[in-house]
Amino acid sequence: MLTDKLLIGILRAGAMMAALVMLLILIFLMHESWPALSTLSIGRFMTDASWHPLEGAYNLMPMLSGTVLASAGALLLAVPLGLASALFIVFYAPLHLATLYKRLIELLSGIPSVVFGFWGLTTLVPLINQWNPPGASLLAGILVLAMMILPTVTLTAYTALAAVPDELLRNAAALGLSRWGMIKGVALPAAKTGIAAGIILAVARALGETMAVLMVAGNVVQYPETLFDPVRTLAANIALETAYAMGDHRAVLFVSGLLLLLLIMVLSGMAGLLEKQRHA
Amino acid sequence: MQRRQPGMAISGLLRNEQTLMSLTNNRLVAKTGMPKIFRFLLANLFFLVIGIGCFSQAQAQTKAASQRLVLTGSSTLAPLAGEIARRFESLHPGVRIDVQTGGSSRGIHDVRKGIAAIGLVSRALKPDEADLQAFTIAQDGVSIIVHAGNPVITLSREQIADIYTGRITRWNVAGGTDARITVVNKAEGRSTLELFLDYLQLKNSEIKPHVIIGDNAQGIKTVIGNPHAIGYVSIGAAEYEARRGAPVRLLSLGGVEASVENVRQGIFPLSRPLNLVTSGEPQGLARQFIEFARSAQVHDLIRTQYFVPVNAD
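Respectively, the protein sequence lines represent chains A and B. So for the first sequence, numbering that gives the first Met the number 0 puts the first residue at 0; every next one is plus one. So for the second sequence, numbering that gives the first Met the number 0 puts the first residue at 0; every next one is plus one.
Hints are computed from structural coordinates only; laboratory data are not their basis. Quick caveat: nothing in here was measured; it's all calculated off a predicted structure. Keep in mind that a hint or two might mislead.
Cβ-to-Cβ under 7 Å is the rule here; a few derived chain A residues that face chain B [unchecked claim]: (1) L53; (2) V124; (3) N128; (4) P132; (5) P133; (6) N218; (7) Q221; (8) E224; (9) I237.
Every residue gets a Cβ at the ideal spot worked out from N, C-alpha and C, and that includes glycine.
Produce the complete structure using the sequences and hints provided.
Encoded structure:
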């Protein structure tokens, strides 16, 4: 009994610690951005002419749109590709090829983001530049981000698909379903929770990714009109300017951090809501 | 047979160990009735805490025993200051010098607040900073760079301003090929940007950039990767890359070639002094360090960083 109590105590302390860290980060962000939040009205972060913190213009909305657009674009590419890769590994590839392919994807997930950024800056951006200058653009950001979240989507979808009980698949085969019919009618519905969880993980990574996007997306604060316009994301904004920011400038950078956190909170809230609806 | 023997030995050893472990495990559980593991963990935790406590105390003691000097400020100047600090430390045992970056404005701020003894400021002091004293240890120039494949050799100040404000958008207007110009600007808060804007008499909001970069290396890589780009970086960094064969060209300004030599002579228009800044007359260790940093003993360090030593008086 003592053991149980001790164990519960340790687990509680662990859980508390995790929650506390999150809370502390939130409090810290609030505290650091307070000088800006208390002196500037919230509306100015939405209606100022642009983002020129040293000249007193603090519009964060172009960067919010940049963040959302880059992540959404990456998701649009990575989800179908990742899902297809996972299906390929589980249902189509011969065993040795499947193992090799999976190892490759795992390797891709281990590549540090700076390496992706460097590759993007020296290879991808010049390539896009030849097509439609200036090259450093929303498109480059989307492509690099898609490559980075592709392994997350693939591997979680693979795990979910591999966990579908053999029984179900055998029954489907016995019913004379084609392979695609089995995948569409049995495997995917059975694995959809796992796949959705993987996608949410991928979105979170895409939203927060900093270095790679900073290096390829051009970082101009504006609403992009085409895929070839440069954009700046909230995370890149913080990384670009924090090292040199003082006073008010520093405080508004913390506001952009707060906004990013808020965005992720809304997202995870939406994911929770979706989950609930599915079960209802 | 010979091949098998080591394997057998190992497996035998393993088996022995396993029995030993199970024996001890049984004993532990039997004697106390409670898994030792938690006690073990707790004990470890205590040792860890005590260890950390001892360690930090020891650290505090060494800090108290030695003399300490804190330098903060410009990231342009920090690597050089770090090298100078290391040489200074080796000549003066018992002295510890901390160098932290954060931009020239942080250097000014920290010196005023007394957080740092010396601020690293990569520009001349402004009129409202007359309460501080500056000691120039080197000169740094900012160079406009284009891709080596770009036929443009020089641009006037007006042309550069027009390009950066978006009044000139194609290279053929400025003597180049018929291609769209990609304007590379620096992120807000950097002193290179400040110097550049000061030279052009512009505000950052008037500039219409296509790419915004952080440090010099990123700027040079961006221009290397884009034949129609124009950017600006520290002259030392640009000259170094160009000499190593990177396809960048440093544009001359106002008829003066962009080179370290011309920055030394003080005739290149886009240049800036690298200053050590103190609040009031420097005393003691800070004074020693500043004198050392301005002496000929560190000229080789200044040159390896692609800055230009000034002749100390």
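List of violated hint numbers, smallest to largest: 7, 8, 9
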